[in-house]
Amino acid sequence: MLRRALLSSASPLHGRARIPRPSHSPIQALLPQWSRYASVASSSVPPQPPPPPPPSPPRGPSRSGDGGPTVSSLNPAEVAKFASIAETWWDSSGPFKPLHVMNPTRLSFIRSTLCRHFRRDPNSSKPLEGLKVIDVGCGGGILSEPLARMGATVTAIDAVDKNIKIASIHAASDPTTASIEYCCATAEELVKEKRLFDAVISLEVIEHVANPLEFCESLSALTVPNGATVVSTINRSMRAYATAIVAAEYILRWLPRGTHEWSKLVTPEELVLMLQKASVSVEEMVGFVYNPLSGEWSLSDDISVNYIAFGVKKSEASSTNGREASLS
Amino acid sequence: MLSRRRCFAAAASRIRPLARAFCGAPASGAPRSQDHSHTKKVAGVKAPPDVLDVAIVGGGMVGLAVACALSNMPLTKHLKTAIIDSNPALKSRGYLDKNSTPDSRVSTVTPATISFFRDIGAWEHVQQQRHAFFGKMQVWDYTGLGYTRYNARDVGKKYLGCVVENKVLCNSLLLRLKEELDDIENVIYPTRLVSLTFPLKSRQAGMKPASSEPLSIGHTTEELHCSNLVKLDLSDGRMLYSKLVIGADGSKSNVRQIASIKTTGWNYPQSAIICTVEHVVENDCAWQRFLPSGPIALLPIGNNFSNIVWTMSPEESLRHKSMSPEEFVKSVNHALDFGYGPHPRSTALDHYMEQFFSGIGNTATSTKECFEVPPKATGVVSERMAFPLSLMHSHDYVSKRLALVGDAAHTVHPLAGQGVNLGFGDAAALAKVIAEGVSVGSDVGDLTLLQRYEKDRKAANVAMTAVLDGFQKMYSVDFGPLNIVRAAAFHGAQYISPLKKSIISYAMGDKKWPLFP
Ligand SMILES: Cc1cc2nc3c(=O)[nH]c(=O)nc-3n(C[C@H](O)[C@H](O)[C@H](O)COP(=O)(O)OP(=O)(O)OC[C@H]3O[C@@H](n4cnc5c(N)ncnc54)[C@H](O)[C@@H]3O)c2cc1C
Ligand SMILES: C[S@@+](CC[C@H](N)C(=O)[O-])C[C@H]1O[C@@H](n2cnc3c(N)ncnc32)[C@H](O)[C@@H]1O
Chain A
1 MLRRALLSSA SPLHGRARIP RPSHSPIQAL LPQWSRYASV ASSSVPPQPP
51 PPPPPSPPRG PSRSGDGGPT VSSLNPAEVA KFASIAETWW DSSGPFKPLH
101 VMNPTRLSFI RSTLCRHFRR DPNSSKPLEG LKVIDVGCGG GILSEPLARM
151 GATVTAIDAV DKNIKIASIH AASDPTTASI EYCCATAEEL VKEKRLFDAV
201 ISLEVIEHVA NPLEFCESLS ALTVPNGATV VSTINRSMRA YATAIVAAEY
251 ILRWLPRGTH EWSKLVTPEE LVLMLQKASV SVEEMVGFVY NPLSGEWSLS
301 DDISVNYIAF GVKKSEASST NGREASLS
Chain B
1 MLSRRRCFAA AASRIRPLAR AFCGAPASGA PRSQDHSHTK KVAGVKAPPD
51 VLDVAIVGGG MVGLAVACAL SNMPLTKHLK TAIIDSNPAL KSRGYLDKNS
101 TPDSRVSTVT PATISFFRDI GAWEHVQQQR HAFFGKMQVW DYTGLGYTRY
151 NARDVGKKYL GCVVENKVLC NSLLLRLKEE LDDIENVIYP TRLVSLTFPL
201 KSRQAGMKPA SSEPLSIGHT TEELHCSNLV KLDLSDGRML YSKLVIGADG
251 SKSNVRQIAS IKTTGWNYPQ SAIICTVEHV VENDCAWQRF LPSGPIALLP
301 IGNNFSNIVW TMSPEESLRH KSMSPEEFVK SVNHALDFGY GPHPRSTALD
351 HYMEQFFSGI GNTATSTKEC FEVPPKATGV VSERMAFPLS LMHSHDYVSK
401 RLALVGDAAH TVHPLAGQGV NLGFGDAAAL AKVIAEGVSV GSDVGDLTLL
451 QRYEKDRKAA NVAMTAVLDG FQKMYSVDFG PLNIVRAAAF HGAQYISPLK
501 KSIISYAMGD KKWPLFP
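Protein chains in written order, with the UniProt record's numbering: chain A, 1 to 328; chain B, 1 to 517.
No wet-lab data here; the hints were simulated from the structure. There's no promise every hint is true.
Unchecked claim - Dumping the calculated DSS-like pairs for lysine-lysine here, alpha-carbon to alpha-carbon at most 25 Å: (1) A:Lys126 <-> B:Lys330; (2) B:Lys432 <-> A:Lys126; (3) B:Lys77 <-> A:Lys126.
The whole structure should be built from the sequences, with the hints applied where relevant.
Here it is, written out as structure tokens:
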């Protein structure tokens with residue numbers, strides 16, 4: 001399966017050259033999207049009836065016979081979407097361009113909140129030195145690599161095997177990022193292994209998971225008591241629909257159509273409540289706003305479209321987890 | 001359970017350790033042919049090549065300023081940096097003699113440059129060596145129709161600028177760098193760049209796993225690490241790898257040419273003669289007079305010495321270079337006094353201008369200062385050098401893992417002494433962008449990061465280039481009516497305080513754009 005996806009995305013018909021295709025109206029785009037993705041990934045045959053279940057499901061332990069429904073947050077259709085465009089993670093003008101452009105802004109938020117929370121020197125070039133950090137849903141490692149350069153000991157996981165391969169190869173070319181531990185896994189699998197991290201970061205993933213509440217609970221379970229949990233996503237507001245989905249997916253063509261499904265988006269209130277329920281109290285939340293003139297993102301109070309939340313895992317929540325991830 | 005998962009640290013400990021240093025071989029799938037040559041060459045060398053964060057090609061004023069700024073900021077001081085330049089001046093480790101005859105290559109540094117030098121801790125070294133502040137400036141032209149005097153008082157400053165020999169600026173940066181670094185000898189490579197090899201355009205090509213094995217066994221970890229870096233071959237046979245190459249190698253930049261970055265520009269049909277002259281008294285003002293063939297500037301450099309930058313046709317410059325020193329001094333004094341035309345004085349035009357501008361409701365107290373004649377030169381004390389003048393602007397300042405600074409990115413008409421100030425502006429901006437990148441964990445050679453530097457500097461440099469080019473055109477054409485316009489411009493500058501202020505501010509580097517303060 002993996003092979004096939006690789007081969008087909010390498011064929012000249014695909015890549016980024018536009019294949020003329022019947023146009024889809026935005027209304028249709030709100031329907032489940034995986035078929036469109038799968039068709040990009042699987043063959044050059046024009047639109048077909050929905051192909052069989054998407055390629056490259058994760059090969060985690062959960063698939064190998066011990067049975068437990070540990071992949072509750074996994075949405076196969078979503079996973080297929082990302083598998084189909086995995087090759088393009090590091091093309092800074094490709095489908096993941098928004099993540100590249102947004103990266104310095106979201107990292108500056110993470111840097112400042114983590115420096116404050118863990119009492120690190122904000123002028124240090126490696127302020128996260130000694131902190132165990134996990135990047136959940138790391139994709140090609142766009143966030144994981146800077147975290148490693150900032151000194152963190154990074155573990156990065158993604159449900160798509162191909163993403164993990166691309167991320168590992170990319171990171172290997174720089175000694176400072178070569179130490180990142182990349183695994184094809186879901187958050188639930190690591191919870192089962194009782195892995196713990198000082199900071200758990202999951203950016204632009206929650207809108208793609210099957211069950212956001214369970215996902216939040218997994219993120220919390222991976223965080224040491226008093227540790228940090230950082231989540232970013234897109235708001236479910238009319239403005240988010242207008243900007244993030246219509247503009248980004250249909251007009252600017254930044255994102256492949258169907259990257260986001262309206263009904264799966266999470267509002268800031270919902271996120272705070274879900275994290276709260278999972279014993280993480282959100283202490284800071286900011287929005288990202290895009291300035292089309294400068295082409296840059298900046299932090300803002302406006303959380304109506306893109307936003308990021310920093311929370312702290314309650315300390316009384318579980319003492320059985322053991323506190324010794326690596327703090328101090 | 002863990003064992004069954006496809007889990008690997010990116011460095012893949014199974015990659016076998018470095019056997020031989022042939023770092024340049026690309027990762028799997030990439031063509032190897034071009035790399036054979038250096039594989040062979042390096043096989044005999046014991047030490048593996050140095051791997052750097054930042055390689056600065058050219059240790060002139062601007063290259064040293066970048067190095068100094070990087071070594072001075074907490075976020076960037078850890079970066080492994082090298083300066084590549086065979087210039088023997090980089091061997092200096094002490095102050096230059098204040099009592100020697102001043103060098104003829106000098107720069108007029110603006111307050112913006114001075115504050116940059118202060119920030120990076122290099123200004124105190126300038127102060128220990130020869131430099132000359134000036135608080136007055138007089139600009140006039142040969143037609144006798146107009147003149148203008150600028151005074152630092154008008155903009156509430158203590159001085160308008162400072163004239164410093166280029167070698168003093170370089171030496172001060174070098175001394176500061178020595179203070180900041182554990183061992184400066186490890187940072188300066190006294191050699192020249194021969195060639196640059198950039199990583200394959202699309203790393204995707206090398207990345208697409210040909211087999212299901214993602215990390216190619218058979219390549220060393222070092223090979224893998226270097227496949228994404230720029231390779232620099234040096235004239236002493238050494239080679240380096242770097243995440244970022246900074247081209248600070250002057251207007252004929254090798255780096256720019258190797259990276260095939262295109263330029264726009266033209267040569268002015270003019271050359272500049274530069275030299276040092278002596279007076280009997282100390283000169284405390286910067287003088288510039290526009291002659292039919294171009295401007296002549298007389299800049300104070302301290303100890304009764306002044307620097308001359310005189311623009312003229314190439315033939316004239318040859319003649320002035322070869323004439324006897326006595327004849328040359330006579331010619332300079334002539335050009336700065338009655339040569340080519342009368343002194344400007346209050347004329348009908350002056351009166352008209354006064355009326356015209358008084359209507360604009362200018363309330364600022366612009367004092368009309370009297371025209372003065374510059375102090376006479378009594379001898380020429382240095383070699384006379386002639387340079388052809390050119391304007392050049394690079395289409396791009398950056399590409400992946402590359403940034404150009406200073407004359408490598410742009411040369412301007414030396415008219416307003418802005419050349420190196422723009423270069424120092426580049427150095428400050430680039431260092432700041434690199435620090436911002438480090439703070440958010442970016443790769444220092446990342447193109448999106450470097451583009452922020454380009455965006456910041458291009459606008460400023462293009463504006464200044466255009467202004468100076470416009471000036472050059474305006475002052476090198478000798479048409480009657482134009483002279484009046486030009487004189488009016490002088491008068492305008494003399495009379496309208498806000499405009500004058502904005503011209504001074506712009507020339508001093510405080511402002512981004514001259515006409516929209
Ligand atoms: C006649 C004249 C008068 C001027 N007057 C003024 C003035 O009054 N005020 C002002 O601000 N500016 C003036 N300028 C401009 C000013 O001199 C330049 O802007 C300034 O020198 C640029 O500095 P730089 O470091 O970019 O380049 P440069 O000073 O040219 O330094 C380049 C360095 O790179 C090195 N190099 C080159 N190739 C290689 C290689 N392949 N490998 C390794 N090293 C290499 C060289 O050895 C040199 O040290 C004047 C210029 C001229 C021509
Ligand atoms: C929009 S990308 C975000 C990538 C990365 N976090 C970033 O911001 O740069 C979403 C990623 O989440 C992954 N993903 C989706 N559902 C997941 C799940 N349940 N568990 C782990 N990863 C998942 C996808 O494979 C995809 O790589």
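Problem set entry | Hints violated by the structure (numbers, ascending) | Violated hint (a single one): 1; every other hint is consistent with the structure.
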